[in-house]
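There are 2 protein chains.
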Amino acid sequence: MSAVTNGFEQQLSEPLFDRVLIIGMGLIGSSIARAVMMKRIAGTLIACDASEQVLDRGRALNIADEVTGDAATAAASADLIIFAVPVGANAGVARLVGPHVKPGAIVSDTGSVKAQVIAAIAPHLPTGVALVPAHPVAGTEYSGPDAGFATLFINRWCILTPPDGTDKTAIAKVQGFWEALGSNVEIMSAEHHDLVLAITSHVPHLIAYNIVGTADDLEAVTQSEVIKFSAGGFRDFTRIAASDPTMWRDVFLHNKTAVLEMLGRFTEDLIALQRKIRHGDGEGLFDLFTRTRAIRRSIIEQGQETAAPDFGRSKSHQK
Amino acid sequence: MSAVTNGFEQQLSEPLFDRVLIIGMGLIGSSIARAVMMKRIAGTLIACDASEQVLDRGRALNIADEVTGDAATAAASADLIIFAVPVGANAGVARLVGPHVKPGAIVSDTGSVKAQVIAAIAPHLPTGVALVPAHPVAGTEYSGPDAGFATLFINRWCILTPPDGTDKTAIAKVQGFWEALGSNVEIMSAEHHDLVLAITSHVPHLIAYNIVGTADDLEAVTQSEVIKFSAGGFRDFTRIAASDPTMWRDVFLHNKTAVLEMLGRFTEDLIALQRKIRHGDGEGLFDLFTRTRAIRRSIIEQGQETAAPDFGRSKSHQK
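Heads up: the protein sequence lines correspond to chains D and R, in order. Note that the working numbering has the first sequence beginning at 896, numbered continuously upward. Note that the working numbering has the second sequence beginning at 896, numbered continuously upward.
Honestly, the hints are just simulated from the structure, not real lab data. Some clues are possibly wrong.
Pairs count within a copy or across copies, as identical chains cannot be separated in the list.
[What the hints assert, rightly or not] In silico SDA-like pairs for lysine to any residue, Cα to Cα no more than 20 Å straight-line:
1. Lys997 x Pro1018
2. Lys1151 x His1174
3. Lys1171 x Leu1148
4. Lys997 x Thr939
5. Lys997 x Met932
6. Lys1068 x Ile1013
7. Lys1063 x His1174
8. Lys1151 x Ala1115
9. Lys997 x Phe1181
10. Lys1068 x Arg1188
11. Lys1151 x Asp1176
12. Lys1171 x Pro998
13. Lys1171 x Arg1160
14. Lys997 x Ile1082
15. Lys1151 x Thr1162
16. Lys997 x Ile1066
17. Lys1151 x Gln1169
18. Lys1171 x Gln1070
19. Lys997 x Val1080
20. Lys1171 x Gln905
21. Lys1063 x Gly1023
22. Lys1068 x Gly1177
23. Lys1068 x Asp913
24. Lys997 x Thr1162
Looking at chain D on its own, in the form it has when it is part of the complex (with noise of 0.2 Å):
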């Protein structure tokens, strides 16, 4: 473990909780699961996950105190359970589960997408269920179980979107969760992070997919030479557009209206500055050229991004 995460890998003197289960165990739920073992914030950790080969990956990293493929059967003992799988299945795991969860326990999630993941979850939570939806604001463009690492939510952002009047204690249990394990916690609407997270996450996501796929269409550029001079930019872009498909999908298609919203914005302004080249307008590419380098100082300040030239990686790759 190194220096920079600040004896992170300390245990709490006590578990929050003490029977936690994380359904799904790709980077995310992965992620999560080695952090609370490492620092045994929970009396007892289970995890899940629909896939018998993942289960067993699972087993063989010791992921957890428990693994098992039976949710319903480890949900009705758990007193926080986590759902960390695509936001397209939600549903699904909520109706399988949701009977089974007992009065007083608290239900999460991981997704990317806060408002359709709600509706999809709570109609199958029984009273005295607390529903405190997280997002983590981390990840890495690797899948499954191998990819993740407990230090993933250092100094990264926990958004928690819980509905109205959703008990004050839950939501306090949850924060403190995501604080153990190393995030800064903001509370908003689920509304309101649908549209922050549609320009900060998924629009960049949806352009850096284009571009690539642009990029592979071309018949008077060869693939070849796309993949060699891919160091004047492209590969920036491949690192977002190699993410999880399936996670990705059900991005867009559950947090619909704030993309195709943020989508229009770009391309009106993406047009404009067409435009621009087209005229020959120099000052105007200048000013916009010129505009864009202070917020990349404000976020490298605010330690969400390294100062290190190319992300640091040109001491990484050299041959």
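Add chain R to chain D, keeping to what the hints say.
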């Protein structure tokens, strides 16, 4: 010097050129200068810049054997002259130094645009001077003499675009120069270069600048929220959107046709993708999102990108 440079720092047994002049001490010019000095690629290296402040930094950094503001005089005795200035500045530099270049000397550049750069430089060169335009596809988002480093070009591609009829010995010498800097060299026509770079570099920069601008202009989402939650994907784009505004203004003004062509394709594809979202075409989205993964894999396999999750930056900026 780290192990990844594999003995790059070793000096040549004899210099490739007697006197080399680099005009412009920005990120690229100062990186070339550092590598030329380290490996003794030139008998004598002269570095030149139009800015007094940059000249002072160049002297303080011992960036070359001689640092001068007088490009015309330096050009008269140089065997290789490299213009490392924003694309739009080439015509002015060529007008200034062209008449002084001695027969048998080679003039080159480092611009991201080639056809218009050749048109800007060639008319000012005396008979007997070879023009071998070059474009090292390498860089970072930082600018100026302090941002350069000697290993910037290792394992990156450098594209040469000599006009028809260029002296073959001159081409081979410039190729040898870039290979000594650690680059792989490819030769193609200026027109094809401009098309390839439009999709691998220019349009990616444009859409990065554009989305940062769109995010900056929102009313419903605050700038503070954009910054906080940028780890969801947005921050990736801010890196290239922090690149030098003068350089990039000039690129778009001088590669207009190819950029507009590639941008037209990008927008067309984006509109089609938008339609898939609006109509809930999950299969269409999934297909694209799967296809794009393969390209990143190839880029990594060919040593043009790191395989480390999140560019490896996760480890470098946790607080």
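Going down the list of hints, with the structure as the test:
With identical chains, the CA atoms of lysine 997 and proline 1018 are at most 20 Å apart within one copy only, with a shortest distance of 15 Å there and 82 Å across copies. Proximity of lysine 1151 to histidine 1174 under the C-alpha cut-off of 20 Å is restricted to the inter-copy arrangement: shortest distance 9 Å between copies versus 34 Å within a copy. In this homomeric assembly, lysine 1171 and leucine 1148 come within 20 Å of each other (Cα to Cα) only across copies, at 9 Å, whereas the closest approach inside a single copy is 33 Å. Within a single copy, lysine 997 and threonine 939 get their C-alpha atoms as close as 16 Å, which meets the 20 Å cut-off; across copies the closest is 80 Å, which misses it.
Taking CA atoms no more than 20 Å apart as the test, lysine 997 paired with methionine 932 passes in neither setting, with 23 Å inside one copy and 72 Å between copies. Within a single copy, lysine 1068 and isoleucine 1013 get their C-alpha atoms as close as 19 Å, which meets the 20 Å cut-off; across copies the closest is 65 Å, which misses it. Taking the shortest Cα distances, lysine 1063 and histidine 1174 never come within 20 Å of each other, neither inside one copy (57 Å) nor across copies (39 Å). Taking identical chains as interchangeable, the C-alpha atoms of lysine 1151 and alanine 1115 lie at most 20 Å apart only when they sit on different chains, with a minimum of 17 Å there against 34 Å within one chain.
With identical chains, the CA atoms of lysine 997 and phenylalanine 1181 are never at most 20 Å apart, being 60 Å at best within one copy and 37 Å at best between copies. Taking the closest pair of Cα atoms, lysine 1068 and arginine 1188 never come within 20 Å of each other, the shortest separation being 38 Å inside a single copy and 38 Å across copies. With identical chains, the CA atoms of lysine 1151 and aspartate 1176 are at most 20 Å apart between copies only, with a shortest distance of 11 Å across copies and 34 Å within one. Taking the shortest alpha-carbon separations for lysine 1171 and proline 998, neither the intra-copy value of 60 Å nor the inter-copy value of 41 Å comes in at or below 20 Å.
Taking the shortest alpha-carbon separations for lysine 1171 and arginine 1160, both the intra-copy value of 17 Å and the inter-copy value of 18 Å come in at or below 20 Å. Taking identical chains as interchangeable, the C-alpha atoms of lysine 997 and isoleucine 1082 are never at most 20 Å apart, the minima being 25 Å within one chain and 69 Å between chains. Taking CA atoms no more than 20 Å apart as the test, lysine 1151 paired with threonine 1162 passes in both settings, with 16 Å inside one copy and 19 Å between copies. Within a single copy, lysine 997 and isoleucine 1066 get their C-alpha atoms as close as 17 Å, which meets the 20 Å cut-off; across copies the closest is 77 Å, which misses it.
In this homomeric assembly, lysine 1151 and glutamine 1169 come within 20 Å of each other (Cα to Cα) only across copies, at 9 Å, whereas the closest approach inside a single copy is 26 Å. Proximity of lysine 1171 and glutamine 1070 under a CA criterion of 20 Å is satisfied in neither setting, with 47 Å inside one chain copy and 36 Å between copies. Within a single copy, lysine 997 and valine 1080 get their C-alpha atoms no closer than 26 Å, and across copies no closer than 66 Å, so neither meets the 20 Å cut-off. Within a single copy, lysine 1171 and glutamine 905 get their C-alpha atoms no closer than 55 Å, and across copies no closer than 47 Å, so neither meets the 20 Å cut-off.
Proximity of lysine 1063 and glycine 1023 under a CA criterion of 20 Å is satisfied intra-copy only: 13 Å inside one chain copy versus 82 Å between copies. Neither within a single protomer nor between protomers do lysine 1068 and glycine 1177 lie at most 20 Å apart by alpha-carbon distance, with minima of 54 Å and 36 Å respectively. In this assembly of identical chains, lysine 1068 and aspartate 913 lie within 20 Å of each other by CA distance solely inside one copy; the values are 12 Å within and 71 Å between copies. Proximity of lysine 997 and threonine 1162 under a CA criterion of 20 Å is satisfied in neither setting, with 48 Å inside one chain copy and 51 Å between copies.
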